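Protein chains in written order, with the working numbering: chain A, 1 to 319; chain B, 1 to 515.
Certain hints may be false.
[As the list claims (entries may be wrong)] Below, a sample of chain A positions facing chain B; criterion: calculated Cβ distance under 10 Å: (1) Pro30; (2) Gln264; (3) Val265; (4) Leu274; (5) Thr281.
These aren't lab readings, by the way, just hints derived from the structure by calculation.
All values derive from a computational prediction rather than experimental measurement.
Idealized CB from N, CA, C, for every residue including glycine.
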Amino acid sequence: MKYFGKKLVSLIITLFMVSVATFIAFQIIPGDVVTSILGTEATEEREAQLREELGLDKPVVERYVNWMGGVLKGDLGTSYRYSKSMNEMMPVAELIGDKLPVTLWLAAIALVLIIVISIPLGVLWAHSSSKFLDAFLGVMTQGAMAVPSFFLGVLVIYIFGIVMKMFTPGSYISYHTSFAGFLGYLIFPAIAIAIPKIAMTARFLRNAMLGELKQDYVRTAYSKGCSKNRVMYGHVLKNAMMPVITFVGMIIAEVVAGSIVVEQVFSLPGIGRLLISSISTRDFPVVEILVLYIAFVVIFVYFIVDMLYRVLDPRISGR
Amino acid sequence: MKNKKRMLSLALGFTMLATAVLSGCSGGTNQSSEDNSSKEPTYGGSVVVGVQQDIDSLDPHKATAAGTKEILFNIFEGLVKPDENGNLINAVASDYTLSDDGLVYTFTIRDGIKFHNGNAVTVNDVKYSLERASGLLDGTALIGALKTLKSVEIVDDKTVKVTTSKASAELIYSLTVAIIPDGSGEQEASQPIGTGPFKFVSYTPQQNIVLEKNADYWQNGLPYLDEVTFKIVTSSDTALLELQGGSIDVYPYLTDSQKAEIQGTFNVKSATSDVVQALFLNNAEAPFDNEKVRQAVNYALDKDSINGFVSGGNGEIISSAMLPTLKNYYVDLNSTYGNTANVEKAKQLLSEAGYPNGFDMTITVPSSYEFHMETAEVVVEQLKAVGINAKIDGIEWSSWLSDVYSGRKYQSTICGLTCDMTPSYLLNRFVSNASKNFINFNSAKFDEIYAKTLTTTNQTDIDGYYKELQKILCDEAGSAFIQACPLTIAINKKLDGYKFYPVYVQDMSTVYFTK
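Based on the provided sequences and hints, a complete structural model is requested.
Written out as structure tokens, the structure is:
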């Protein structure tokens, strides 16, 4: 319990520091929201009017304190860029709430693909004594890891969308319209996200297992008369999974935080794409919340991994 | 360059999935010849147009981005509106007259014209719209060019009298301002109502804006389509894939290299756009504070080869700030520096200016504009030949706006200036104290002649002054003007009727499916 409390305090401090850092970054980088909304052809009166509408005529510190106060009370503020209706700006919570399911479902599908494919693949790889398979998987995973995600996205669209015609590129269907259609479209970007991660996880698992195979307990298990499968799944995999869990945790944090590039390539209205466009239009309230969300996801996932360690490996909780 | 990219992508594809890509290549290219446009138009159908950026406002008086106005053109109309030849045609007004002193416009409202909500357009709506846009309503002019309006009076229930404080032949171009229902200003941003060929249906930020046919449209027989969706596609590579996959039908911003990839499967058309591209030189920064250096840069550029490299030869070379499509005002000054490089002359001018060995310079380019980035790469090579060592600094659009455009903290930049149909629009920014004079051009002669255009009402004199202004800007080498950029559009082969405008709009009212 004491441990949990300590983690919670460090979470709050980290989030606060992240929010201040984002705020400072926004003060330093050039560009402001009014010129980015109005472009080059606006009248000065219009610029002044918009500045006032958005509350940008107030001192920066005052704006930050007001914003922070709102967040603490559960009001995430309103976007500078997107309006909802009748001169009322879009609440950030609503804007992100609409995009978050896209990213989360995308992450979920990608994760299922990663885990379901990479773990058997890693075990098979470590298990196998075939030189050909070893070389083949080595080259394939190396290749999959090396391809930039942007190019991989384009390749997935090209092969599945244009050559095989399994889906229509750009025909994203909102989850409001058809949930099945929504998931059907997300499979392909999920593949693009999963491919390099599968390669990494499989390689990682294989190496971990090969490391374990050299351990004394393996020889002991064999000398006891255990079958190869029993040794592999009963002993080695369990031990080899420990570092893999950390690794999968990192991947979860990464995909849940938004796959910026893949969302761009597949025209998915997820939070990764929202983050990019909000940064380029200097939509500070939206960027702040998104950055806080990402920081929270990372910290939270690591916390869960930490907890899992304690459950899986009794040696750790004693520390 | 793009061929290289394509080769690379193919080569990579080969190593990864050799068979799949191979079969895909042979299967994907359905070569067929260009369609004739003699096919029968049909009514109905829906079309998806890919656009590059999200809209900034649905309120026609508040929207400023060119990427927004091109969409809103389908929803809103002014008393008059531009046609594809750059002339004005009557829209909400069926007729108008101008008083002899050029100060009073009398508009007659078109009979039977209705808003999208079914209400007839009244003189009150016209008065409200003009007063709102010009600032007569609350003191804030939403459209700068309308600041000179003095009053808008209702004469009778069909006639409105607009009085301006200063006669100007250009004011009528600004009276293309959208007519919206009386008192609806607050609602326009969420529920826009106009008189255009299409009605607003929905807008989803970052995704799309959907319009449907206005069955009551005043132009008989228009529009053809039942529904038009403007879909926001942020990357041009994605746009190409979506075109090929069939989820967008029209994409108006093909790069020259993409054109080659898509020709055959789509109808591809090019026209000169309203974008004036230049290597803009900050006249207040060394060494460009020296007129001779600026002229040397102009001589150093080989505009023909730039046009060939980045525009596929479809650009139109210019030497000053005016579009060749504005025929009444444009004057061809290309002989001043020539369309090809004159290295000798450039070097001579550099020596005279005290830079016999050239100098180092930075070209700041908004990196999201691939077209300008590609141009910059060619320009750097050309400048090298005269000893100028240029470096490209690609920055993000927001930073460009604040540092380069508003802050004027830069040495040189390559970008495009969009234009409307008024000749002053491209020239007035070069008056020395103009707020938009981001190149810090400072010429007493230019200022003097520009002042004359404001006080003269004789149109022939004004035309002459505009030509003189272009010549001064060219001779004093305010910047190195390159070309009027081409606009290349890909259209689904089943569609026809697309019209290019000299201004930046996507008029979908004339587009139809062929049988």
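Hints versus structure:
no. : hint   : in the structure
1   : Pro30  : holds, 4 Å
2   : Gln264 : holds, 6 Å
3   : Val265 : holds, 6 Å
4   : Leu274 : holds, 7 Å
5   : Thr281 : holds, 7 Å
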